[in-house]
Every structure is written in structure tokens, then in C-alpha cells.
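S.K.: Make a model of the complete structure from these sequences and hints.
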Amino acid sequence: MYKRGLVQVWSLEQPEWHCRIDEGSAGLVASCWSPDGRHILNTTEFHLRITVWSLCTKSVSYIKYPKACQQGISFSRDGRYLALAERRDCKDYVSIFVCSDWQLLRHFDTDTQDLAGIEWAPNGCVLAVWDTCLEYKVLLYSLDGRQLAAYCAYEWSLGVKSVAWSPSSQFLAVGSYDGKVRILNHVTWKMLTEFAHPAAISDPRVVVYKEAEKSPRGALGRPACPSFRAAESKYEIAAVPVSLQTLKPAADRANPKIGVGLLAFSPDSYFLATRNDNVPNAVWVWDMQKLRLFVVLEQLGPVRSFQWDPQRPRLAICSGGSKVYLWSPAGCVSVQVPGEGDFQVLSLCWHVTGASLALLSKDHFCLCFLETEDEADGAIGQLGAHT
Amino acid sequence: MGDWMTVTDPESKNISQYTSETKMSPSSLYLQKVLCSSIPLSKNVHSFFSAFCTEENIEQSISYLDQELTTFGFPSLYEESKGKETKRELNIVAVLNCMNELLIRQRKNLLAQENVETQNLKLGSDMDHLQSCYAKLKEQLETSRREMIGLQERDRQLQCKNRNLHQLLKNEKDEVQKLQNIIASRATQYNHDMKRKEREYNKLKERLHQLVMNKKDKRIAMEVLNYVGRADGKRGSWRTDKSEARNEDEMYKILLNDYEYRQKQILMENAELKKVLQQMKKEMISLLSPQKQKPIEKADDSTGTGISDVEEDPGELSRESIWDLSCETVREQLTNSIRKQWRILKSHVEKLDNQVSKVHLEGFNDEDVISRQDHEEETEKLELEIQQCKEMIKTQQQLLQQQLATTCDDDTTSLLQDCYLLEEKERLKEEWSLFKEQKKNFEKERRSFTEAAIRLGLERKAFEEERASWLKQQFLNMTTFDHQNSENVRLFSAFSGSSDRDNLTVHSRPRQKPYRVSNGSPICTSKLTKSLPASPSTSDFCQTRSCVSEHSSISVLNMTPEETRPNQVGGECANQKWSVASRPASQDGCCSECSWTSTNSHVEKDGLP
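Residue numbers (the UniProt record's numbering), protein chains in the order written: chain A, 1 to 387; chain B, 1 to 609.
Straight-line Cα separation of at most 25 angstroms, PhoX-like style, residue types lysine-lysine; simulated pairs:
#, chain 1, residue 1, chain 2, residue 2
1, B, 274, A, 290
2, A, 91, B, 205
3, B, 205, B, 195
4, A, 64, B, 195
5, B, 425, B, 439
6, B, 340, B, 282
7, B, 242, A, 58
8, B, 203, A, 64
9, B, 136, B, 122
10, A, 362, A, 257
11, B, 205, A, 64
12, B, 203, A, 91
Since the hints were derived computationally from the structure, they do not count as laboratory data.
M.R.: And the structure:
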């Protein structure tokens, strides 16, 4: 509860256990868990400091001068280290803490104008640091603070919009405002290839799925649903060449809707899913083995978010409607979320095992269970609604 | 000397026209006369020629002619004169010679004139032609000049455009540079401002921080129900230098592990690539070595090196194991040897290309020519073979299609199909006959069943009617009670003994004759008879028919007044009477509801013997 500066914690296993943290006048801007689940990091108002509350010892630690940026905190995948972006005297620094005892391990400055984000590689040995969007600069630091490489694709234009590591730590995908994704390899930190996102697709090897509305008919065998349920939709394969809907961004406003805003690698690093904000209705899936475009999915509405199943190459997409879409190399399917009223799926989150999916709307969430592959392909079983 | 001029009026004696002024006119007359006597021409010409020499001026004309001829280089017409003043005699020979000479010359001149005329004509035509050509060329020149001017104009315009574009480009570049400079300056300015603002902001933050920290707000607190254990189950430890060192160690360990892992991967990749390279090298060597054994016309250095390479092989094979190491020298060796082999291969291929091209161009060597011929022959043969194969493939395809297709013209296949069809037909016939039989049976059974059902229905009806009538009788004979018991017993015995009665009594028949009963339900009775022998005991019957007897007690009573017959069974006539009693009640047409027992007896008689 950010306005009141309160954090409330409950236990899933012991319902009577609860905890309340009150920041009081310090205010609360952000709060997150530590990877071991025993500490809570609260960012106070104006990013004055980060307070680390320990649930084991009821002790408090403070971290000064955190940086207020898009992604200033990053925990390594194994939960050992925390990288934090700081800014003192108009210079950017990165501090690496050991999560077990919150000791400062390394503190080094970065060669950036205005650090916009940091992210650990999944192997926990390399930290990617990127600069503000006014300058295209990606820096790579090793765990002990040495700079390994710097990469700059071009100057004088808006730079990096989003960054993603591949789960094998082999690739670093950098999405920029010019609508291209550049893949860097982990050996030389030089660009392997770049993926462009043109609005017209002409390669005949690419499969384009277009979401189309089914004519409104009652579904057979389903329990009776209220009449104001939205129409069903299905995917059709469109013949190449295809031209996608584009959006012309307002050039004089901040945060223009151009460039590659969302990037995600599949868990086996075989696929990379991207979204170009110019073409907001489409999700592009790239084949990382052949380094070319594999599939394009065009939805009826703008894509809000997508996430890969943590266990297998299955992508779940939501576009603000009441449907969730699933894609896998075997095919794609559109599923209606059952429930009373309109359930606007605003974001989604997979469970670690990949067997269930949480769909979040403004003030409700829905758990979706996926049947195992013994059943028919892509069959989505019972959907339970909990609020 | 004398200019011969055309005479307009040859008949006129006006000779002055055609003689030279230097000479005397009468001499010309004489000349004409002389000439006209010797030359046989037309009168005009005659007169023309006679105009020069006439009878009178012969001497003058001879001297004139002599003078003219000598000036022309001819020998004199006169004879050699002995004295000066003696009259010179005309040398006829000289005259004839001169005449001949003049004729010859005339002919020559005519020829020359002709030639000159033809040449003149030719030249004239040439001139015309050349003039026309000249005119055309002038036109062409004009047009080409105009074109050139046009092109020059265009060229100029394009150059102008080019210059403009260059200028624009330069301007744009300058603008870009300017803008970049502006951006850079703005960036520095912006950074400067940002820094300033940040410093201000930081100062404010510091103050706020101090204030917040100083407040010591009790509310900043954490309420926990109970402490949660650490995730790894261990206890927390204090922060000391040792722990710091431990953290550093861990960090380095992690880094080293990662590096080692990566190095392993890279080593594996390297080993694979080296294997591939070595294989490539071996294959290249094997490719090249059989070539070296062929006689090559041009001796090259490459052959020498190739052979030396082949010799190198055994030596190299032994050194393969060393190449698993990855030191600098070994790496270089491998790459160098691969490069060498590749160069050899390349040169060999180039040589072959050259050979082929030389054979195409020169063909100086017989061997080469023959080989080319052979080559061509072989290619022809191969082409033929290819054609044949293609045809075969086509025929095969056709045959295959025929086999697959349903309609075919081949006899055997149609016969085969017929056979199959016959088999199937026979099978079908059998099944059909079976089916028909079964159908018939079913029909029969159905019919029988329907008949049975009808009969059952009828019997039931009959039974119902009988029952009804019997009940009526009973009701009607309610008053007579004294014979009730005996009648009951009789009834029972009648029931039980009906079968016996039927067996014995034949004479009862005539009594029943008027009672014509219809075999409403022969089957039921037969059923009854069947059942009766099974259990003829009266007791059984009493039990089974006790209910009936209660209802039919009335009718039994009715029967008593009529004759009774002493029987071992006893109730036989009672039966009959009952039947008699029942009959009038059911006189109407319900023959079917006639006595049960009477029908019984009737049927018995029929059925038993």
C-alpha cells in the first residue's frame, strides 16, 4: 500500500502468521522480496534510501543513494547477489551486495551518462548495464567489477529501449528505438545479427497467424454463459505477403510508441519473442537457431504483455481483452476466460512448473490450469476463477 | 591554221565563213573541189567538200594542204624538187600516206572522243551521285549538329543538377554537422544543468533524509508475529572481515567456474573443428594424389610439390597425435598445411581449366584432339543413354498408372477383375440366399406368432366371456344353497376328472351334439389337456381352481336339477349341465364363450386317438 507507506505480508502456509511494516514518514515507492524470501526491500519516497527489513531477525539495513531508474535493482538468478544502481554526485555507480548477509562486495562506477537499467546474466557472472535512451550504450561488467565490453550501435538517435538475456547466457538481445533487435554473443560481445521489424512481411517461410473473430454462435457443450460474453476468436493463417497495422507515434511527446519495447527469450533459448511498438498488435517470434523470423502473430487488439512458460517453449499473450492466447511451435490457440462480466486480462504470470498461469486484471485475477500433454494438444482444461 | 567551221548553208558559195582569214578564200574553193572529186559523199557533203577545192584552185589547194600537213609534221606532198622554180609534182604516195595517216588519226580521235564522252557521262553521273550524297551528308551533319547541341544542352542541365545536388548534399551535411554540434553543445549544457539540478536535489534529499532519520518515528517499525527461519535453515552470522573475505572467495570461485566451463566448451569446439580440418586435408590429399599419376604435358612445380606432399603423408600421420595439443606452432602448422593443400588443389583445377580451353582453341596435339573426340562421343553416348532411360521411366510410369487406374484396356487385367467380381458375386448370392431363407423363417415365425397372438386374444376373450357368464350364473343361482357343498365337490371332481371323463364318455357326445361349439381356442384346451395328465389329482385341481369355484358356484347350482350321472369322477354331467346352463346364457352369438369343458371334450376326442 504505497500511499500509506505500509507493507503487509501474509504466509500461504500458516494463515495466522502475518507481518506489517510501516515506513511512516519515509514513504514508500517500491517494495520487493529478496530471493530467499526472508527480506523485504522497500524503496522510500524520492528514492532516498532502500530499507532492507529482515523477517528472520527483525533487523534493518539501509542502502543509501539508490538510483531512480527503470530497472535499478537486479537479483542474480541463483539469489546470491544483488546489483543496485546508485548515483552520487552526478555519477552512476553499481554496488554488488551479497544477499546472505547484505555485505557490500563491489562498488564501481559505470561509464554511462544516466544509467537506465541493469540486469544480471542468468549465469550470474556478467552484469549488463545500459544507458538512457538518449544515448545508445550497453556496458558489460564482470561479477568482480571489471568492464568486459562496451557496445554502441549508432549515435544521435534514441537508443536502447529494452534488454533481455537468453537463459543460457549466450545471447544478449538489445531492443532499440529504431525498431531493431541486436543480438550480442557472449564470447566477443559483438553483434551477431540484427532483427528488423518491418510492417510488411514478404518472406514465404514465415507463418503469419491472424486473430479473427468467429461468427457469434453459442458454443456447444459448454455451460450456459451470459449473453454479454465477447465473441469467440480463432487464428487464421494469412498468406504471405502480409502487411501489418502500424501506428504513427506522436513525434513531439515523450516516450513515443516506437521501437522494440518487449523482449523475451524462450526457456530453451530457441525462440525470441519481440514486440515492436510501431506495430502494436503483432508479436514476432524469431528462431534463434537459424537467426531468422519464424512466426508472426497478429492480434485484434494491442498486445499488452507476453511471457514464456518457464519449462517449455510456450508463449502466453494477453492483449487487454478477455482472452488469453497461447502459442507453441505446434500451433496457437485463443482461449476465452470464463466468468461473469468482462474480465480484462491486463497481465499474466506463469507458475514455475509451467502447469498454471495467473491472469491479472485490474482488481481480479484468474488461475488457468493447463492439462498435461497426455490429453489433446493444447487442451486447456478447467479454468477456475478466484478473486 | 585553218579553222573548220560549221556551214549553215552548205549550198551557199559563201566560203569565207569556213576558211581562215589568213588564207585566201579562193584557195578554199579549190580545196573543196579537189576533195569532192575523190570522196564519194552525199551531195551536201559533196558540196561542202567541193567548197574548198575546185577545178580552178587545185595548185593552191595542194600547196595549202602541203603547208598544213608539213606544219602538222607530215611529209611533204610534193616530190623532191630538183630545181627551185620548177613546178613541184604531186607525190601521190605521200598524199595517200598522208590520207591514211589522217584517217587513222581521225579514227583515233573518234575513239578518243567516244571515250571522253562516256567518261564525261560517267563523271556526270558520279557528280550527280556525289552531289546527292553531299546533300544527304549535309543534312545528316545538320541533324547531328542539332542533336549534339541538344545533348550538350542536356549534359549541361544534368551537370547543373548534379552541382545543385552536390550543393544540397553539402548543405545537408553541413546542417547535420551543425545540428550535431548543436546537440552536443545542448547535451553538455543539459548535462551541466542536470548536474546542477541533481546537486540541488541531492542536497534537498540529504536534508530530508536527515530530517527523516532524526525524527526517530516510532511508527517506523515492523510488526511480526514470529520470526521466520532463514531460508537455508542456518543461523545468521555476524559481519566480519572473515565473512568479507569469504564472500570475495566465493565470488572468485563463481567466476572461475564460469570461465572454466566456457573454456571447456571452447576446447570441445576446437577439437571438433580440428578434426574436420584434418579430414578435409586428408581428402584433399587423396583427391590430388591419383591425379599426379597421370601424364601431364606441362611439367609444373605443383606436381613436384604434390609428390613431395604425398611423401610427406606418412610422416604427417605419425604427427597427428601432436595436433591434439593447441600450442601456437601446431595450430599454425595445421592451418598452413591446409592452405598449401588448398593452393595445390586450386592450381590443379586451374590447370585442368586451361587444358580444356587450349584444346578448344588450338587442338595442336593429336592426343588432345582424339581425346576430345572421344569425349564428344562419350557425351553423345551418355545422352543417348539418358534418353533411353527417360523413355523407360516414362513407360514405367505409364504402366504403373495403368495398374493403379480403374479402367484398363488390358485383357488379362479385365479377366482378373471379372474373376474377382464372380467370386464376389457368388459369395453375395450365397449370402443373399441365406438371407432370404432367414427372411422366410422370420416371416413364418411372425405369422405363427401373430396367429398365436390372435388365438390367445380370442381365447382370452372367450375366457372372459365364460367367466362373465359363469359369474352371472352363480349370481343367478345364489338362492339354491342346499346343493352348494355337493355341487362344489362335484365341481371340483368335475374339474379334476374332466380328462378321465373325456377319455371314457363317448356317449356323452350325442347329448352335446346340439351344442355345437366352435373351437375358439383349441390350443388353450390342448394346453389344458397337456397339463391335466400331469396332475390329475383332485386336490391339485381344487387348489388351482378354488378361486374359480367360488365364482362359479352359482352356475354349478344351476346344473343340479338336471340329470346327474353317477361317475367315478362324479361331476361329469355336472360339467355337462354347467355347460348346458352356461350355454343359454350365452346364446347370442358368442359361440366362442361356449363351454370350456365341452370344447375340451370335443377336442380331446379329436386329439387323443
